[in-house]
Structure formats: structure tokens, C-alpha cells
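K.L.:
What follows is the residue order along each chain.
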Amino acid sequence: MNPANYLFLSALLFTIGAAGVLLRRNAIVVFMCVELMLNATNLAFVTFARMHGNYDGQIIAFFTMVVAAAEVVVGLSIIIAIFRSRRTASVDDANLMKW
Amino acid sequence: MTQTSVSSVYLASTEGGAGMHSVAASGVFSATWLVIGLPLLGAAVLLLGGRRTNRFGHWLGTLFALGSFAVAAALFAAMLGESGADRSIDQHLWNWVAVGDFQAEIGLHLDQLSMVFVLLITGVGSLIHIYSIGYMEHDENRRRFFAYLNLFLASMLLLVLANNYLLLYVGWEGVGLASYLLIGFWQHKPSAATAAKKAFIMNRVGDFGLAVAIFLMFTAFGTFSFDEVLGGSAAASDGTMTAIGLMLLLAACGKSAQFPLQAWLGDAMEGPTPVSALIHAATMVTAGVYLITRSAEIFNASPDAQLVVTIVGAITVLFGAIVGCAKDDIKKALAASTMSQIGYMILAAGLGPIGYAFAIMHLVTHGFFKAGLFLGAGSVMHGMNDEVDMRRYGGLRKYMPVTFVTFGLGYLAIIGFPLLSGFFSKDKIIEAAFAKGGTTGYVLGSVTLVAAALTAYYMTRVMLMTFFGRERWKEAPVGAPADWHEPHPHESPVSMTLPMIVLAFGSVFAGGLFVLNDAFVNWLTPVTGFSHGELPFSVWVVTGMATAMVALGVAVAYVQYARREVPAVAPQGSLVTVAARKDLYQDSINEGLVMRPGQYLTRLLVWLDGRGIDGFVGGLAAFIGGTSSRVRKVQTGFVRSYALSMFGGTAVVVAATLMARMA
Amino acid sequence: MSMASGGLSEGVVLAEQVTRTSTGEAVQFWVLATIAVLGALGTVFLKKAVHSALTLAATMVCLAIFYMAQGAVFLGIVQIVVYTGAIMMLFLFVLMLVGVSSADSLKETLRGQRVAAVLCGLGFGILLIAGIANASLGDFAGYGAGGVSPSGAVETDQEAVALINQGENVKGIAHLIFTRYLWAFEITSALLITAALGAMVLAHRERLTPRKTQRELSEERVRDNVNLAPLPAPGVYARHNAVDIPALLPDGSISELSVNATLRARGQVRDVSREPVHQVAELEESAEVWMEQRGDVPTARHEGEEAGPEADGTGEGAADVDPDEAGAERTDGDSVAAGAGSKESRS
Amino acid sequence: MNGDFPWLTVMAALPFVGGLVVAALPAGKRVLAKNTALAVTLAELVLAIIVTVKFSPDGDRFQFTESYAWIKSFGVHWSLGVDGIGLVLILLTAALMPILVLASWHDADTPQVSASGEAPSGKAAPRSTHAFFALMLMVEAMVVVSFAATDIFVFYIFFEAMLIPMYFLIGGFGGAQRSYAAVKFLLYNLLGGLVMLAAVVALYVVTANHDLGGTGQGTFDLVRISQAVATGELDMNPTAEKAMFLGFMFAFAIKAPLWPFHTWLPDTMTEATPGVAVLVTAMVDKVGTFAMLRFCLEIFPDASKTFAPVIVTLAVIGIIYGALLAVGQTDIKRLIAYTSISHFGFIIMGIFAMTTQGHSGATLYMINHGFSTAALLLIAGFLISRRGSKTIADFGGVQKVAPVLAGTFLVAGLATLSLPGLAPFVSEFLVLVGTYSRYEAAGLFATVGIILAALYVLVLYQRTMTGPVKAGVEKIRDLNVRELVVVAPLMAVLLVLGVYPKPILDVVNPAVEETMSQVERTDPKPSNPIVPAAQPLAAETHGGSK
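Chains as they are written, first to last, in my numbering: chain F, 1177 to 1275; chain G, 15 to 677; chain P, 42 to 388; chain V, 3 to 548.
Treat the hints as calculated values from the structure; they're not laboratory data.
Note that the structure is a prediction, hence the values are computed from the model and not measured.
Beta carbons are placed, not taken as given, at the ideal position from N, Cα and C, and that holds for glycine.
Some hints here could point you the wrong way.
Some chain P residues judged to face chain G by a derived CB distance under 7 Å, without partners named [stated by the list, open to error]:
{"no.": "1", "residue": "157"}
{"no.": "2", "residue": "161"}
{"no.": "3", "residue": "164"}
{"no.": "4", "residue": "167"}
{"no.": "5", "residue": "168"}
{"no.": "6", "residue": "172"}
{"no.": "7", "residue": "226"}
Straight-line Cα separation of at most 20 Å, EDC-like style, residue types lysine to aspartate or glutamate; simulated pairs [claimed, not checked]:
{"no.": "8", "chain 1": "V", "residue 1": "56", "chain 2": "V", "residue 2": "508"}
{"no.": "9", "chain 1": "G", "residue 1": "647", "chain 2": "F", "residue 2": "1268"}
{"no.": "10", "chain 1": "G", "residue 1": "203", "chain 2": "G", "residue 2": "241"}
{"no.": "11", "chain 1": "V", "residue 1": "402", "chain 2": "G", "residue 2": "505"}
{"no.": "12", "chain 1": "G", "residue 1": "596", "chain 2": "G", "residue 2": "579"}
{"no.": "13", "chain 1": "P", "residue 1": "89", "chain 2": "F", "residue 2": "1269"}
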């Protein structure tokens, strides 16, 4: 097997995640799909690191995880705050900020 | 043919004469600047002093004018003591504008020609100052009036004393400003304000000519000082000289109210009468004649320009005379007369060296008698509740004897009664016109003769209607206001009659003195040059013809206005009369050709600016605003739509990258 | 796990440059990749968010194994601990707060969104995959002992190169983090603190009115004059003291007030109004049996107390009347239970 | 020669710091704020006078130069320095500011008219006076830097930053439509500035390609670039040069404003308070014309020559157009705005005539127009604030009730129509002569402007000041002491510069010579020179020799 397959897998997962973001209305699921996309990129990073034989890609993936953790914390708080005031977790319901 | 011979005669005769080799001012002459400085200081003191100077302002103003006259007289005396080129004096004051080749100085040039003008301006000007003390006695703004009079004198003196065209331009416009202020002195009258504005703007049209003439001089010679331009004029091309000449003529037309810029003069009668006297006799309208005479070399170098000058002069002579015949307003009749007389001068100046001296001579004599006539008219109005309609005068000789006599002498002088001032000066111009030679000479001569007859006619008419005949002022006019009361004609105070008497002396004797030994011509020749034209016939024939024409004019007028009753209301009159009363439709023509198209153009442009240029700008803004208000609907508020567009964009970027890589 | 460790060892072994992996890794890849993709699809398409979370967790674990297989041991562990362990659990907590049971409707409400999303996704995926397929990826350098200089050696510190060459993943990463990426690493700490603070601020709910004191509460209660006395405790006849069992009123119906409002709202009230009657009857029966066995004469008590015959009558009649009584009780109880929704909870 | 004291930086910093101080003064202390602002502007004037005195016209072209590295990565320096042209404009700015502060004394104290045009009620915001004067000082600082900058980037920054305080000055104080005017002003000028920015960047790239900054870098140093242009070291691609020239020119043409980019000016001047309107026309707009002379001609001499006929044509159109529109206006301030458009036409025409007279005249014109328009606008402002209307038809006979006001207004008007003896005449005549000697037709058409100028000034004067006293006019008071203090120096300057412009010209002329040599233009020679070649200095001495 060619290790490049990891990259194909990464692309596939990323696309699925992106489609999920576009298709799902539940904010939590949308968020999960975002995480999926991040994970996909991490996989690509790790693969690239292996490709180049150094650890820089892994470091980036590591930072991505840190950022993702921070992001999840804040994002989920926002979802909760919204849910608390509007009793819904649907991203379509938060649509007041428009023209 | 004749023309060329004349100009060659001129060239021969003025060798070393008109070249303006002058000496720097020293001795008495170093006080030349005081001539201008004194009235200027007077104006400044009176204007800045404000109400504090109200009490003595008129005396102060008169004092400054008289002081200026005294300095002028001293200069004249000193000049008589000099001879030849030493009579031409330059006084450099300070460098004004110096940019590259453009070198303008504030410098004065006093020579025989300027001297004549300085004496006339300060002399007659001072008399008018004195007269105004009495005339403006009851005006609350008398101080301001004297300030403006002083300003007027200063500007006019600057005009005639400048040693370059740019400084002359300053005086030129200064005169325009002073006339604006004085014509519009009674600003509360809308008609006065309008007349003042009209005068200034028509003058500005003339100023345009002067400005362009200076541009032309600068591009042709790189300078615009009198000595350099005039000295070099022979070297320049004909076309350039003709262009400069015509532009100078345009300037002269504006200031001297010559055709086609004559329309402001009649309206200028809205100003107080001393102002009219000042404008018509001593300042302002004479400036054009001065300019042409001063620029003699330029015109001598361009026969075409000279021809145009004579044509303009001839037209104006007749124009003024015809209008003068129909006016019932005493001041407007005199104004038309001025226009006609200045026409004489312009015509004479256009004749070249044959005429310059006579033009100036007529200018001086005219200064005397026209000032006298206007002051007389002012005196009449003073005694008649400011009535100006001659049809409401009549038989006033009994009530104002001094005015009658002085006015009468002025009248005799202007019609050219033998041996009075006007006789000599006008006769010389008629001679010179015939002496021009050829068809032109005959045409011009005939015009001047006809005009002489017309002058006699309308002046006699004025005289008769005012001082003789039935006392029409005793009857209430048709449609008189309820508070109309009969005027009580009375003689004016001494401060007013005294100047009139002095001027009457001038009217009577000036001409005779001037022709004695050709004193005047000899005096001016170093500046203007002089050549005797060759008359096609004897001098006495011309004199005889002129006298006959005058007699004819007087006779017709006598028949019409002394033998017949003068109606208190103007009769219908013939077509010509109606046209003349309306100044030969000059205002209608101006309105139709300039004012109305201008107004429409202005309105169109205002509309265009708002709707066109700004409309485009506003339209652009509205278009962008409208587009964005439509495009903003894309912002649905659904975060997934935004995500979709982002994702689509990413896909496009990836596609583009791939395409770039593939290619 | 065995496969994971196998992959791991193989990954580390991969010292020389490779264009193909070992068969073991290939097998592992194909198996786990399938799971990972299925998990991802599940995340997107499963109706319940909880299920999505679980499938996502599965995908993440697969990825963790991939990391380890590719020599990123540290990252693999972090992936499991942080991602699967912490983050996904956070998701689940939030799901619980928001409501586990609420299943999403998968019906699309935005016009054209679904079609466009699928098209975009397909296009993007195809483009991306085409791009990768098209890219000249070259050889994989790999890690491990063997002195092969990694291609990125120029940019990496000597020491790090050495560590990489020794296959010391954790040490190598540690070295990089605390040398080259120290600044970024420090920044992440600021980021995390900020995120923690942000979460607190966002989740915090500001009290809009001042807290009521006990005194105020009691005064309010008196003023309202509703339920002045303490609310009835739950439980029946001291036989049940569970909070979801309402107390019975004298007429045998249940007292709503005795049960927590939340339980009532959820319909989780257990109605036992029928049971006590039934059980009392049973009890009495057994008591009679017992007494008969003792040989005691109940009449002595009958004689001693006037209530005796009544009790007898009741006792005797109980067997007769019981079915009727019970039936009446049941209908009564049913109606109450239906009202409170207790029937469902019991089933 | 000038020591090492950073005069220009101090001059730039003083109003800036002064503005901050004024803004920070405690609320409600309006008088203190005004006095502080006045003191700052007077101190600035003193500085300007010191600098002018220390300036030696025969010395180096740029004096008081200072240069500090600012943004090293693309060679930006805080470089200041003045030549004669910049110096006199700085002097103009410094001289006008105290006058403007005095003239605007009460403008910000009262609440402003609401957008619906309702009469203001209640009290003004407690810090409105502070804000007004602080912004004025900020503008002064920026204008000074713009005139003194010898680094194109520094110039650009201040050229653009000026819009910010101006926006608030126009939008915050003035007539009912002021916010419309402010937005229009901002957008219009911003558009020009952005186009210029592109040209500035392009210029940097071009200089970098020619390695003017050394080590492969470009430079923004004006002196360096113009030297390189003059020596041929920087030979730009003609197309690129034209494009960059147009980019610069576009911004300046809007700022100046040149027809047809003028429509923001009437709105701005009509709505702004008189002081701010003067600030716009007398100083801020002068930055545009100054920059044409300084940057367009110096950096792009060839393109300037190529486009000169077009720009001169536009300028002539502007002269006539502005004058005709002024005649047609019904609003006093709008009328004055259109006269300014006409006058800016003269200035731009003089610049692009590329003759010594044209350049010196244009520079002098900037000064004179500053003073004359200031006088006209401020007096008109006094008049308008008394009557509460700016419609010409509401006035009439003011001369009767307020003779001093009318008199000074007339003098200002006469200056506007370039009456000889008053300052603008000299400059206008120089511009006309300079233009005529290169472009005869343009000179002739522009001269028609002097007739139209008489028309619009006198029509305005006649309708407002003369005639019977109209209802509502009779209670107009004459100028008070503060207003006289405002007007008197302006009148004095107009008179003195009219008869003795030498001090200014002496300073300006050497700078103009430099510019002329930069564009490689010489004055057209007279066809029949009177002065023989043997006497080249005759022009210098011929006055004194007699």
C-alpha cells in the first residue's frame, strides 16, 4: 500500500465533515463535523511529517489539537448560551444577523 | 497712399521726440509722487477715520485735492523751466512684481502729456471738490463722498502718471472702482446701484482689452514699460501692433464710453451731479483718449488700428449727438454730449500725429466747459428740488443769474462759438479730419461737421428749455404725487458758484491761449509728435463751414424751442426721436445679445451642474447603494448558507490551483 | 489494540525510504479506514446527536491508531486522551444538557442547500483527491535509526535529527516544542486560559434579581396563602418513601403536590394508590391465617372492644367486597394515573 | 545654517499636541478651550515667522531639512524640509489659523441645526467647543506636514489623514445638510486618495527597479527621485509615467478641485461653518494645488508636459464655469464656493502653463486666494449668522444698517475680483501673463473670467448690501470688536501684498526656477525683445537706473 492512501483518506474525511457542516442543523453535530475536518487535516499533517521524515508536521497537528480544544470549549459554551436563551440548538434559528 | 505719406512725415518729425528719453526725478520733480499720494492719503484718512472725521471730512478732502493741485502747479512751473528731453521725468518708487522676465515697477513718468492731464485733473477736480461742499451739504454721508472723490483723483492721477502699462492698469481699474462707488453713492436707490454695477462691468470689458494688450506687449517685447514698448514698436510685426492697438482701443472704448461700450454713461447719471462733472470733464472718460495718445507709437505703427479708432470715434460722435438731441433729462443730454465730444477726441487721436495734440486740446477745453455745464446743471437741480426733466424747467435765467451766465458761456464754448475755447479746439479737429486726406478724410470731415451742427442743435435746445421760455415748473406735473409742491428756484451758494465762475473763465479763454503761437501743440509735440496734414482746401473754408453748421444747428433749435411752445410732457415724436430717446436701443441690444443669452446660459449651467455633473456623482452613489441593497439579500442570516459559499469558494480555489498546475 | 501495536512497531521499524508500506500496515489501514469512513458518515447521517458523537469517537480512535502507525506515538495518545477522552465527552455532556432525546429532523429547510452541499462536497472531494493523486509526493522518508538523514534535516536542529533517527518520538517532539516552537507553545497556554475564561463568561448566568432571603420567602408564602403548611411528603403508609411515589389523599387519590414538579412534568410519577388497598387486604388475610394458627380467640378482643365485630365484619366482608372495592379503586387510580402519565412510566 | 533644531517637526507637533490638550480640557470650560486654541495658533504663527526669517532665499533649495528613518523595510523617512513655495504656504496656514479661531469663537457653543432643519434647542454638548477647536488644530498640524513633507509616503499619509478631522468638522458643525456634505467630502477625497495610493506604490516599485534606495530597495525621497529624474538615472516607461502622473493628478484634481471634480466643494462650503469652509478652501485645498507643483511636475516632468494642454483646458473651463455658476447662485456661501472653483482654475492653469510667471503667480495666488476668500467667507459668515439666512434674496440694504460690515465685504469682494492694488490682482495677472505666453487661447478665455468675476461679486454686493433695507435686515448690527480684529489683518494683508508682494516673490522665485529647470521648460522668449542680449541684467536694474 502506498502511504499516500492516508492522504486520500484524509481528503475523504475532510469532505465528509464539510458536507456534514452544510447539511446538519443541530449546532452540536455541526460542531462535531468541524472536529472531524480538523482531525482529517491532522491526519494529513502526520502523514506529511512522515513523508518528510521530520516532526514539524506532528507539531502542527499537536497545536491544532490544542486550538481545537480551546475552540470546542468556547464553541460549546456559546451553544449552551444560545440554547439557554432560545431553547434550540438549531443553527438555522439563529438567523437574525442578516441584511 | 496719403496715409503712408502722413506716417512717414510723422516718423521724420518725431525722431527723438516720442522716444521717451527721460531723466530721473530730482529737485521739485522728486515730489511727483505727492500728486497721487495726497489724495490717496485723503481717501485713506477719511475712510479709516470713520465717523470721527465727519465734521471736517469735506474740508480735509478738498484740502488734499488742492494740495495735489498745488504740487502739480509747482511741477508745471518747474517743467517750464526745463527744456527738451529734461521735461520728461521718471520717478522710480519701488519694484513691484519681479518674476523672470516680468518686471513691473511702481514708477511714475511725468512729461508734457501727463502734465496737461495732471493739471486738468487736479484743477478741475479741486473745483469740483469745492462745489461738492455746498452740493452735498445735506447728505449724511458727505465724508464718504469726499473720500471717494479723493480716491477718484488718486486713481486718475496714477493712470496718467504711471510709467508702464501695468501700473496704468492699476489706475485704470482704480478709476473704475471710484466711479462704481460714486455712481452708486446713493446705494439705497436700486437704480443707482444697478447703474454703478453696469458701469463697472462694462468697464471691465474694456479692462479685458487692456489686460490682453499687456499680454501681447509682454509676449512681443518682454516688457510693458512705456519707453521700451513704444521705443520698440516700430520693430514688431504689423499684426502684433494691430492686435495691441485694437485691444487698447477696446480698453479706451470701455473707459471713454465709446461705441460699442457706451451704454453705461447715460445710466451713470444716477450719481450725484459733481460725480458726473468729475467723470465727464476731468477723469474717467478722458482716460481712453489719454491711453491712445500715450500709445501713439503703437497706433502709428498700425494704420489698420488707426482706421478702426477713427471709425469708432466717428460713430460715437454721431451716436452721442443724435441721442443728445432727444433727451429731456438735462444730465443725460449732457452725458450724450460728452460721449459725442469724446468721440471727437478719439477720432482725432485716430488720425495720428495730425490729431493727437488737438485731441488733447479739445479734451482740456472740454474739461472746462463740460465741468462748467455739469456744475451748472447741478446748480439748477439744486434749486429745483432735484428735478432733472428739462420740460419742467423754463425761464430760469431770472432766478439763477450766475448759473445762467456760467452755463451760457459753457454752452457757447461747446457749440464752437467763435473765439471761445471750443471753437478753436473743435475747429482744429475738423481740419485734421479733412487733412487725413482721401475719401477717409472727406468722410471723417463731413461727420465732424454734421456733428458740430448737431452739437449746436442739442445744446441750444438744452439752453432754451432750461433758461428761457415759459416757467413750466409752476404747474403740477401729470400724475404728481400728493405732496408735490412748487419748487422755489434760487441761486446756489458761493461754494458752488465760485467753481462755476472759474470754469467759465476757462471755457472762454483756454482755447485762445492754447492756439496762441501754437503753444499747446508745441508743448505736446515732444511726446505725441506732430505733423501738419495737408488740407484739400484753405483753412478758412473749414472754419467757415464749421461756423455755418453751428449757425444752422442753433437756428433750427431756436425755431423749434424758442419760437414754439415747449410742451411739459414729451410729445410722441418721430421714429428717430423715439429711438434716440431710448439711446438708439443700446440697452435692448445689449440685453438681447449678451444679458439674456448669458442668463439662459447661467441657468442652464446651474441646472447642468446639479443634474449633470453632480447628478452623475449622485447617480453613481445611488447605483452603488441600490446594488448593494439588492446584493445584501444574499446575507440570509443562515450560517449554513455562508458555509456553503465558503466551501464553494474553496472548491473553486482548489480547482484553480489544479488548473494552474496542470497547465 | 493488538493491531495497533503491530502497526506501531512496524511504523517505527520503517527506517529506510519507502514507497510501499508493510502488508501489516496495509491490512490495518484498510480495515480501520473503512471503520473511520463509516464513522464519519455516521456522524453526518445518524439522526440522534448521541449516535453521531459515538461514531465520531470511533473515527477518532481509528485516527489515533493511524497516527501511531505512522510513528506519531505521542500524537496518537494525545488523540485518544484529549480528543476522544475529553473533547468528545464534553460533547456528550453538552448533549445531555441540551437534551439527549431530541432527535433532529433530517428534513432540509433551506432551499437548494442539500443539493448544493452534495455537489460542492463531491466536487471538492474529487478535486482534492485528484490533486493528491496528481501531486508528485515522492518517497516517504520515514523515521527511525539507520542514519538516513531526513529530508527536512536542514531545518531541524541537530539534536532533533538525532532523536528522530533514533526513533525517539516523544523526546523529539518535546525537543522541538521547547526549542523551536517554544513561543508558539507559550502562546497556546494564553489561548487555553483565554478559552477557559471565555467559556466561564459565556456559560455564566447573571442573576437579574437579588436572592430572596428565607424570611422573604416565608412572608411571601403567607401572603400568597397557598400551601401554607409544608407540602405533603411523598410515600404511602410508610411503605414507600421513593420521591416518585405520590402520597395518597384520604379518598385514596394521589396528591400531586407530594411529588417533585420535574418528575411530574416528565410523567415519571408512579401511582401506587391501588397497591396499599390490595396489600392491606393481603395483610389482613395473612393475619387471620396467622391467628388461626396461634389458636388465639379473637373474640376476646371482640368482647373487649366494641370495634371488634366491625373489624370482623370488615375482615370477613373483605374477601367478598374485595373484588368490587379493588375494581372501583383501580378505575379511580387509573384515571388519576392517566392524568399524571404514570401508566407510561410504569410500562 | 539652521542649526539642528527640528523646526518643522516642532511646527507640526505644536498644533497636534495643542489639539490633544484642548480636547483633554475639562468639560464645560469652553472659554479655556478657546483661549488655549488661540494661544497655540499664535505660538505656531510665531514659529512660522521665525522660520521665515531664518529662511535664506538664496540658500539651498530645501532648508530646515530633517530626516529620520521611519519604516525601514520600505525606506520611509520622516523627512521634512521647505523650499520657498512650501514656506509661504506654511506661513499662510499659520497666519490664517488664529484668525479662524477668533472668527469661529462662538460657532461650536450653540447646538447645531438638526437634520430636519429645525431650529436648535437646548444646550450644545459639553465638549463640543473642545472638539471643534481640537480638530481645527489637528488639521493645521496635518496641513503643515503636508506642505513640509519631502517624503512622498509621509505626504500621502497626512494628505489622507486630513480627511478625518475634516470629516468631523464638517459633519459635526454647520448647516442642516452637513452630514450629507461631510460624507460627500470624505468619499470624494478618499476616492482620489486611493487612486493616488496605487500610484505611490507603483512609484515605489519603479524606484526599486532602478535601485534608487540602494540594496535593491525603492525610495520615497522626493529630492532623490527628482534628482534621478533630472539626471536620467530614473527613466520611466512613458506609459507607466503617464499612468502614475494621472494617479497623482486625480487625487490633487479632486482636492484642488479641478472641473469636473468640483461638486463636493459647494456642498461642503455651504454646510460647514464659515471657519471650517475657510479651512477647506484656504488651506486643505491648497495642499492639492501645492502637490501638483511639488510632486506632479517634479517627479513626472514628461507626463506633465504631455498632459498640460488637457489640464489647462480643464482649468480654463473651470474658470469660466465656476464664474458663470457663481452668477447663478441664490445662496451666498454657495456663490463663494463657485468663485473658489473659478480661482482654483486660475491656480491650476498657472501651474500647468509651466512658465516662471505662471508658477510664481500660482503660488502667490494660493496665498492671496487664502486671504481673500477667508475675508469674504468670514464676513459673509458674520452677515449670515446675524440674519439667520444664507439666501441672497433675504438681504438688501445692509450697507445702510451696517456700513463697516458692508465696506469690508466690498473690499473682500474687490479682492476676489482681483482689483489692482489688492493682492489677488498681482497673482492673477502673473498667471494670465504666464499662461498667455504659452497658451494664447487659454490665456484669452481665462481673461474673460475677470469680467465674470466683476459680475458675480457686484451682483452679490448689489443684492445684499444696496437698495432699500429689507425686512429682517434692519436689526443687523455692525461688526463688533472681535470681528473687527478678525477682519482687519486680512484687509491689511490684502492691501500690503497688493502693492508690495516682493517679500513673498523673493522667497518663491528661486523655488520656481528649480521647478522650471526640473520640467526642462524655459519661458517663451518675446518675439521682439527690447532688452538687447548685452544687457541681461537690465530687467533687474532698469527700475533703479532712472
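K.L.:
Okay, which hints does this one fail, numbers in order?
P.N.:
4, 7, 10, 11 and 12
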